[in-house]
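Based on the provided sequences and hints, a complete structural model is requested.
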Amino acid sequence: MNLQLLAQINSFLAALVLLSAFAMLSQRKINGLVTLFAWQGLFLSINTAVVGYVAAKHHLYISSLLTLSIKVILLPYILHVLVVRLKIKKEMETIVNIPTMMMIGIALVLFSYKLTAPVREMSTLITRSTLAVALATVMIGLLMMITRKHAVTQIIGFLAMENGLFFAATSATYGMPLVVELGVALDVLIAAFIFGIFFFQISTTFDSLSVKQMESLREDN
Amino acid sequence: MTLLILIITPLAASLILAFIGNRRFAPEINIFCSMLTFTAGIALALDVYRNGQIITGEKFFFVDAFSVYLTVLTSFVSMTTAVFSLRYMQREREHGRVGRRRMRFYHAMFQLFIFAMLLCLLANNIGVLWIAMELATLSTVLLVSLYRTPNAIEAAWKYFILCGVGISQALFGTVLLYFAAEKIIGEGGEALLWTNLIEVSGRLEPTILSLAFVFLVVGYGTKVGLVPLHNWLPDAHSEGPTPISAVLSGLLLNVALYALVRFKVLVDGSTHTHYAGNIMMGFGIVSMLVASFSILRQRDIKRMFSYSSIEHMGIATFAFGLGGSIATFGALLHMLMHSLTKSSIFFTVGHTCQMHQTQEIAKIKGLFKGDPFVGWTLMFGSMAIAGMPPFGIFTSEFLILTAAIKDVPMLVPFILIGLVAAFAGLLRKVQYMVTGDVPSYSKSIQAARAPVILHMSLVLILAFYIPNFLNKWFQTAVELLK
Amino acid sequence: MISPIELSTFSVVAFIIPILFVILIGNNRRLLICISFSVSALACLINVVSGIMAVAFGKTEHVILPIGLPSLPFHLRLDPLSGFFLFVIGLLSFFVSIYSIGYVSGLAGDKPIKRLIVFYNIFIAAMIMVCLADDALIFLVAWEVMAAASYFLVMFEDGRSENRRAAYLYMVMAHIGAVLILLSFGVMAGFSTGFEGYTFDAMREANLPLKWATVAFLLSFFGFSAKAGVIPMHVWLPEAHPVAPSNVSALMSGVMLKTAIYGIIRITFDIIKVFPWWWGAMALAFGLVSAVMGVLFALMQHDLKKLLAYHSVENIGIILIGIGLSMIFTSFHLPIMAALALIAGLYHTMNHAMFKGLLFMGAGAVINATHERNMDEMGGLIHLMPWTSSFFLVGCISISALPPFNGFVSEWLTFQAFLLSPSMPIPLMKLLIPLGAALLALTGALAAACFVKVYGVIFLGNWRGHNHPVVTEAAWSMRIGMMLTALTCLCLGILPTIIIDLMDSISERLVHAKLSSSSGIYGWMWLTPIDPERASYSGPLVFIGIIAVCAITYFMLHVKPGKVTRVPVWDCGFQKLTPKMQYTAVSFAMPFRRIFGFLFDIKEQVWMSPQQGHCAFPVKTNYYLRVRDRFWGWIYRPIIDIVVLMSRKAGMLQHGRIHMYLIYSFVTIIFLLALL
Amino acid sequence: MKLLHLIFIEILQVLIVIFAAPAFVGWVDMLKCWSQGRTSAGVMQQYRNIAKLFVKDVVMANNASWIFRFTPYLVFSTGVMVASVIPIISTNLFLAPSADIIVLIGIFATARFFIALASLDIGTAFGGMGASREMMIASLTEPAMLMAIFTVSLTGGSTSLLHIVRAFTSGVVVVRPSIMFASIAFALVVIAEAGRVPVDNPSTHLELTMVHEAMILEYSGRHLALIEWGAMIKFFLFVTLGIACFLPWGIAATDDLVSIVISVFLMVVKLIVAGSVLVLIETGMAKMRLFRLTEFLGAAFLMSTLGLIFFFILE
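Protein chains in written order, with our numbering: chain A, 6 to 226; chain B, 16 to 497; chain C, 17 to 692; chain D, 212 to 526.
Worth double-checking, as some hints may not be accurate.
[Stated by the list, open to error] Pairwise CB distance ranges, derived in the manner of DEER restraints: (1) D/Ile492 x C/Lys576: 38 to 44 Å; (2) C/Thr488 x B/Ile460: 44 to 50 Å; (3) C/Met676 x B/Gln68: 42 to 48 Å; (4) D/Lys213 x C/Thr488: 43 to 49 Å; (5) C/Val580 x D/Ser414: 24 to 30 Å; (6) C/Val575 x D/Ile492: 40 to 46 Å; (7) C/Leu61 x D/Ser414: 55 to 61 Å; (8) B/Pro387 x C/Val79: 48 to 54 Å; (9) B/Gln68 x C/Gly175: 53 to 59 Å; (10) D/Arg280 x C/Gly175: 44 to 50 Å; (11) C/Leu36 x D/Arg280: 40 to 46 Å; (12) C/Lys227 x B/Pro387: 48 to 54 Å.
Read the hints as simulated data drawn from the structure, not as lab findings. Glycine included, each C-beta is placed from N, C-alpha and C at the ideal position.
Structure, rendered in structure tokens:
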């Protein structure tokens with residue numbers, strides 16, 4: 006296959022990642038969120054594999070496999086189990102209403118496009134244009150954490166940010182060195198276990214998983 | 016070799032304690048391992064002192080003057096904390112705040128935390144540095160929520176989320192840095208090695224690096240506790256068990272600042288401006304102002320001292336940002352003095368809280384009469400932390416301030432206000448706690464004196480006499496960083 | 017032959033011995049007090065000796081201690097100026113230490129004596145180190161240790177809330193002052209490179225541009241005046257001195273304030289050296305305001321120690337007047353006049369140390385005996401405490417600047433300095449400065465009035481109080497301490513010439529002129545500054561003359577024994593004369609309240625309780641008076657309010673909502689990226 | 212020989228002062244009586260009073276302390292001390308350098324200090340009232356007096372009386388505005404210091420008005436005599452001080468007998484004049500309320516300050 010096509014595939018997948026990010030932003034149902042997160046992971050791992058093929062970097066295959074196993078299979082499974090176990094109610098209310106979030110999201114995309122301009126100029130990689138998308142994904146993940154009131158959604162936002170970062174690494178530099186990739190993956194795993202424990206602690210201490218109740222530590226004015 | 020021992024010991028210890036951490040002699044094991052770590056640290060220090068900086072393990076590890084003194088400090092404070100936590104946690108168990116299984120967890124995580132911090136300090140690879148930093152966060156998150164009270168869980172959750180987000184920003188910054196570096200050094204692991212980066216820092220692309228520094232400063236700054244990224248810090252410090260508060264504000268903040276300073280050197284090296292320095296100065300001033308004014312109206316003793324940690328990190332950040340030989344020297348000294356003093360204060364605070372069964376300042380009274388040792392150490396510790404001689408923090412603040420009025424006179428009034436406000440706030444609360452009559456509900460406890468005395472005397476001695484090796488390290492570090 | 021500076025350094029070490037005693041024989045109270053305070057007294061005596069040597073030889077010696085920062089070891093230096101202050105500190109501390117033996121034993125048993133002894137010694141040692149310091153670091157270390165030690169001494173009775181409040185206020189003010197001083201050192205060190213810049217020698221070398229010199233001077237001036245209690249930085253002083261143990265207040269008011277004067281002189285005359293005249297004018301203005309306001313505030317008090325504290329404000333003002341004049345003269349290159357003014361200031365420094373120490377010791381004795389600080393509850397103690405009363409009288413006369421005692425000499429010298437103002441090139445100053453002299457005269461007269469009140473109300477008349485404690489004469493060691501101080505006051509008043517000739521070495525170094533070279537043709541009996549034609553005062557002759565005439569008249573009238581009939585007080589036929597009808601401190605000060613009332617925030621109420629029978633005879637009349645310092649409301653209240661507001665605002669950042677926290681970091685990123 | 216001579220002059224002057232003071236006061240009283248159309252008791256009346264008091268016994272309150280007994284002697288001796296310093300009949304007094312004007316004021320202040328203490332000693336309301344008022348008046352007079360003296364000593368270039376007198380007498384006689392104003396101020400101050408109408412009324416015992424009398428109310432016998440005498444000496448000295456400062460011409464510069472006699476004669480003339488001037492003022496004005504005194508003394512202060520300002524502006 007020629008590079009042209011691969012580049013197009015790459016940017017197409019990038020578009021899908023961003024799309025899934027937006028979808029998550031607008032998704033109300035928690036199961037839907039988990040599914041979308043899985044999809045995002047899937048696109049990401051395919052993309053990584055493609056880039057690995059393009060750049061002939063074999064460690065990228067490994068990281069793509071890692072992504073597949075952790076972010077597509079493991080984490081969604083854990084989340085799903087938790088959702089079932091803790092009987093989390095399906096509907097998630099958001100702080101800001103959906104259309105506004107969309108607007109903000111688009112603004113973020115433009116912003117990150119502007120930001121990554123110097124990188125694009127410098128870079129010679131075929132993936133360089135997708136860096137903007139990666140940064141946008143990170144930002145949208147952060148936005149999601151900000152606007153959702155629920156612990157699980159915040160975690161998903163967090164993981165979406167991780168996805169974005171991973172994507173950024175791939176697109177900007179054909180991925181970090183393997184040791185770093187592994188380390189990051191390990192951290193994500195530990196994080197996953199920790200928030201697993203957390204969900205139980207929270208739901209046992211407070212009656213629900215809503216972050217709303219956790220505002221007691223404050224300077225009482 | 017010593018280096019490997021230094022790294023492996025805490026890791027192995029955490030593994031062992033993960034299984035036998037609930038036994039009767041577990042704390043002793045904990046102490047023993049920390050002592051082993053400390054001796055290894057000393058050995059490493061001597062090694063560095065003799066033959067300068069070390070690069071081993073296929074350039075994986077890198078030790079220079081800056082990191083070695085922090086390494087020794089880390090291992091030392093972790094050792095004294097382990098000693099302190101022996102009796103402290105025992106009493107916590109007697110009060111039924113923690114169960115046996117959680118003791119196991121506590122010991123394991125404690126050692127893991129030490130391991131993570133040492134890895135941060137010794138890693139040559141900035142990617143590994145990031146990983147270790149994340150590990151340090153993760154290992155302490157569940158320690159903060161050890162008591163499982165609603166507040167503890169809330170604090171831990173905030174700690175987890177905020178630091179997680181912050182650290183992800185840092186990763187993005189690292190990616191950008193890697194991107195800029197690989198242009199010059201070439202692909203693969205080489206481009207992430209600090210030793211290579213510092214050599215080529217002049218040739219790195221300035222725009223990318225300044226872009227990267229934004230994410231790095233927000234990322235690591237969150238862990239340093241710079242305002243307005245600090246909100247997790249008071250909660251985590253006040254709700255966790257006291258030994259953890261001690262190591263968090265005594266060591267973790269230092270390590271995060273260490274990372275930040277490393278990157279600052281890189282960025283300013285490439286931009287040839289004072290860009291990173293200015294940002295750090297700004298963060299420093301804001302942090303110390305906000306923190307000082309927050310101290311004034313604290314009702315919780317541990318919260319108050321965690322705010323003072325924010326203040327001091329602000330001062331140190333400001334000083335590093337200021338640059339110049341005297342300011343940098345002062346900043347290095349300040350990191351050392353602060354972590355010694357602050358951890359000893361937290362030990363004392365732990366005793367105080369256990370005596371009065373509360374962290375509320377309003378309920379703590381008459382320490383001079385009740386337990387002179389605790390009272391006076393708390394008084395002197397607070398005076399030291401507030402920058403009164405004859406304690407070391409005064410010396411470092413003296414250097415920083417005088418350097419500041421030389422270079423940035425316009426900023427000095429803000430520092431002045433901050434320092435005085437912090438002093439007034441601390442003194443007010445502490446004076447209230449130490450004076451007066453002993454309340455009925457306060458019961459006397461057997462305080463762990465050794466760590467406190469050790470720390471305070473170190474702070475006192477180092478104010479008047481800085482041993483030669485330390486001085487040599489500081490000077491080389493100054494050359495490296497200024 | 018051991019050199020003075022070695023002596024002093026040794027003495028500083030010697031102050032550790034009493035602290036060791038506390039550890040060793042802490043349980044034996046009496047023994048501990050006796051031994052430890054006598055050791056401190058000896059250590060102080062060493063400094064008296066070394067001080068005299070330093071001033072007399074006029075040599076300057078350096079010592080570099082092996083401790084401190086690696087590239088900045090502690091530099092010590094003893095020159096005549098610091099020698100003079102060592103002498104003053106040592107002498108008063110010597111007297112006070114003797115006094116303390118009795119005083120501290122007289123304190124109630126539950127008081128934390130050990131704490132007192134430990135910090136007492138640290139305090140004195142720190143003051144000595146301040147005078148010896150020759151680089152910024154050790155100076156500030158000693159300065160702050162001094163502040164901290166005195167803080168703990170003020171907090172001696174930490175059970176009482178007023179002690180805590182006073183100590184807190186004092187410590188905060190002291191710390192603000194210290195930081196200001198630190199910054200001024202920073203400015204001066206900024207003009208030479210590296211760590212060596214922090215030594216005073218380097219600062220002397222570095223010739224600052226005027227702008228920076230001014231900054232440094234202003235910083236240090238206000239820093240030091242916060243410690244000296246110059247108005248409006250005086251608020252801590254009348255709070256802290258009353259609540260401290262009296263031997264401590266004697267030291268704080270007598271010598272600790274003087275270290276601030278030392279600092280001002282050191283920085284202006286020794287380190288900066290060249291300055292415009294308006295610096296001096298500023299010092300002069302602050303001095304005058306402090307002097308007048310201080311004495312007026314004092315007049316309004318009826319708490320004995322508070323009154324004395326306000327008098328410290330006044331006297332610091334007088335000292336500043338001398339120094340300010342000297343600065344003005346120096347800036348106009350009039351060395352001999354500068355020398356006169358400087359000596360006047362320094363001499364008053366020493367005098368104030370002595371008589372204020374004496375007065376506080378006396379106050380301590382009285383308060384120990386009566387357990388009462390409110391003068392309006394006292395009276396007639398002269399019959400019960402003859403020794404204390406006579407020593408206290410000496411103090412009163414000295415502080416009221418009456419010949420032939422020492423206070424008068426220094427004020428006389430200051431007046432002489434004022435009279436030299438016409439030789440200044442600036443017309444306006446020529447006109448204004450003599451008005452300052454008028455203010456000084458007013459101060460003197462008011463001080464006299466105030467101490468007539470003090471002595472009259474405490475020692476004369478009859479006991480006014482409700483409770484009648486058994487009042488006994490002070491312990492012997494207290495009496496000795498006070499007697500020595502009183503004698504010193506008299507000697508300083510009668511034989512000023514000798515001491516002033518000694519002090520030439522100081523003025524020679526600082527303003528390059530001697531006084532004795534101008535005077536001295538009359539010899540030790542006549543004090544003739546500048547020129548015997550201008551002015552002359554002979555303490556001995558006045559003293560001897562007055563005493564002689566008294567004696568002669570006495571004997572002439574008692575050639576045949578004069579009969580003295582003792583009768584009850586003539587009550588004008590009104591039968592019910594009670595002690596309550598005596599004038600009290602409040603009523604004595606009434607005319608002054610009427611005249612100078614506009615300066616204070618006065619709240620005065622009189623109300624008659626329900627009357628029965630004839631309306632002219634109310635059953636009971638209540639009188640309420642509250643005199644407040646206006647400065648608190650003018651300056652400090654607003655500042656405190658602002659700080660509280662700021663802290664509330666800072667607290668609002670921590671509102672507990674994690675979303676907002678995330679937004680913070682988000683916004684921070686956006687902001688920083690926008691900065692790019 | 213020379214020394215003997217000096218000592219002789221010194222003693223002579225002191226004696227003159229001591230014994231002339233009552234006469235001067237008597238003269239003033241006499242003038243006053245005449246001006247008020249009363250028959251006077253003559254110049255010698257004050258001598259009779261003093262003599263009478265000396266022979267009387269001392270009656271003292273039970274709680275009078277040593278201060279009460281010591282004060283009269285001190286008051287008297289300060290008067291004598293000052294008398295030996297002010298150049299009245301001659302300018303070569305060997306004791307004169309031992310005290311300049313400021314010291315003189317100081318010495319008088321000492322005397323006042325002790326009187327005030329003594330008046331508080333018994334613990335009656337009168338005493339306290341007197342002391343409080345006296346000290347208040349003193350604190351207001353002192354600045355005015357000092358400013359007046361400043362003007363003089365700036366003109367004379369010295370604060371020691373000898374040199375002021377020499378400076379004036381040696382120079383040609385000029386009318387200086389500064390000196391004029393200063394002298395007026397000084398006159399007002401003398402009235403206040405000596406406790407004459409309108410500041411104080413020596414011949415009243417009405418508690419609302421009395422100041423000096425209230426202080427010495429408890430005294431009797433020789434003590435009272437000494438105090439009264441001391442007060443007279445003080446009054447006399449203040450007048451002579453004024454003379455020495457403002458019209459010193461004629462005070463003997465050489466110590467031959469002739470010039471001394473002349474100067475004594477001149478002094479007597481000056482005193483007579485000064486006394487009558489004072490009487491004019493006293494009879495012209497009524498006793499002031501206590502808190503009006505601020506205005507009176509304020510005027511004195513203003514005068515002296517004007518004098519000072521004129522010294523700098525016009526000369």
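Verification of the hints:
no. : hint                            : in the structure
1   : D/Ile492 x C/Lys576: 38 to 44 Å : 43 Å, holds
2   : C/Thr488 x B/Ile460: 44 to 50 Å : 46 Å, holds
3   : C/Met676 x B/Gln68: 42 to 48 Å  : 44 Å, holds
4   : D/Lys213 x C/Thr488: 43 to 49 Å : 58 Å, violated
5   : C/Val580 x D/Ser414: 24 to 30 Å : 28 Å, holds
6   : C/Val575 x D/Ile492: 40 to 46 Å : 42 Å, holds
7   : C/Leu61 x D/Ser414: 55 to 61 Å  : 59 Å, holds
8   : B/Pro387 x C/Val79: 48 to 54 Å  : 36 Å, violated
9   : B/Gln68 x C/Gly175: 53 to 59 Å  : 57 Å, holds
10  : D/Arg280 x C/Gly175: 44 to 50 Å : 45 Å, holds
11  : C/Leu36 x D/Arg280: 40 to 46 Å  : 52 Å, violated
12  : C/Lys227 x B/Pro387: 48 to 54 Å : 51 Å, holds
Checked against the numbered hints listed earlier, the structure breaks hints 4, 8 and 11; every other hint is satisfied.
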